[in-house]
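Novice: For the sequence shown, position 155 matches number 391 in the numbering used here, and the numbering has no gaps at all.
For the record, the hints were derived by calculation from the structure and aren't laboratory data. Any given hint could be a false lead.
Pair ranges (Cβ atoms, derived) [unchecked claim]: (1) SER543 to GLY506: 29 to 39 Å; (2) ARG539 to ALA398: 41 to 51 Å; (3) LEU279 to ARG468: 17 to 27 Å; (4) CYS651 to GLY444: 30 to 40 Å.
In silico DSSO-like links for lysine-lysine, alpha-carbon gap of 27 Å or less [claimed, not checked]: (5) LYS544 to LYS601; (6) LYS283 to LYS246; (7) LYS601 to LYS475; (8) LYS544 to LYS659; (9) LYS475 to LYS659; (10) LYS246 to LYS659; (11) LYS544 to LYS475; (12) LYS549 to LYS601; (13) LYS601 to LYS659; (14) LYS549 to LYS475.
From the three backbone atoms N, C-alpha and C, an ideal C-beta is built for every residue, glycine too.
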Amino acid sequence: MVSAAPITRKRYHILALIFVTVVINYMDRSNISVAAAAISEDLDLTKVQLGLIFSAFGLTYSLLQIPGGILADHVRPRLLYPIILVLWSLATLLQGLVSSLAALIKLRASIGVFEAPSYPTNNRIVTSWFPEQERASAIAIYTSGQFIGLAFLTPLLVTVQAYFGWRGLFIFSGVIGMIWAVVWWFYYRDPRSHESVSEAELDLIAAGGGLVDNTTDQKDAGRTNFSLSDLREAFVHRKLWGIYLGQFCLVSLFTFFLTWFPTYLVEFRGLDFIQSGFLASIPFLAAFVGVLLSGFVSDLLVRRGVSKEASRKGPIILGMLLSILIIGANYTDSTALIIFFLAIAFFGNGLASITWVFVSLLAPKRLIGLVGGVFNFIGGLGAVVSPTVIGFLAEGGSFESALFFVGAVAFVGLCSYVFLVGKIERVEESE
């Protein structure tokens, strides 16, 4: 029963911490796309070599999602996040000090290593701090950090590079992350450890299905160590494979914007560097609107009794459908129409970006971090495959085939949610 005492709103303070962390996370992923043209010219890199630099992050990031999910299940976020923030920020800063293809690939790969536990940890925090009827909105808000951050940071990063060069851009990004690691350590707490959260708020969260007692402390009753049977559970259920495949497709589209998009505007569409920085922000703003709209509408439909199949899957299916329209940019030379088609596609990507809510809804309670790790592992493969494939397709100077590839991947993601996910209910562990 929910307490009658005053209800604090500390969960929203926690959400603000996650939001800023996601902004920094994606700044350190995307700054390479802003610097790409200058690095390519300075180090005399080909499109294929540039694609390999882009893919290096995705390779280690995806491969370490499962270990990252296990860490999220067993290490408190207050300790885990500052450590990985400092490490990936240091790797970001060091990119500004190297001058070889091999060194850049290694540092991009190391950023993938250290960022790997971040999204499983985000999902675990939200599952602990928010009742189910608010969870899609919470996920939408922190996920929007990747879009709003990129929308507003892209012009800022372009400006920093214009004044301090691509090396100064990486040093600037790395320092910000290190400062934020200190902020996280001082302000984040788990629900039961938070000094100023009220019992009424904890009761509200727990009554709504929030796992306020699902801590990462090994002394807690019912906690068990990781076993290989846990890993098997994450791979044997069709529902889970539906969201895994869908995430692969979602990330593949997102990665185009995260890596090749500025190069597409500058080299294929002939825009100048500063102009491309501001035009590139438009699709990110569209995606920001899409993800917030998706999250709040999805939760509103749940509160009004609409089925989870319609309220949770509907925005994702519509978003994937809109993402296919990226192909329309191949049929016009108008800059306005090109940005329009790309903005519609990325708006669709934003609509579909509440996919993490399915980890909260479908994964066995005991394995939310692990399933989140597998989910992000397979999704992260899209960040490996997409930049490399696009690099090969664009080697001749044309991005038309690349946009067809991205549109086809969006269609596959649509089909995975329509045909594989099925009824929205928590997976029961095998006997």
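Novice: Against the structure, test the hints numbered earlier, and report the numbers of the ones violated in rising order.
Specialist: 1, 3, 6, 10
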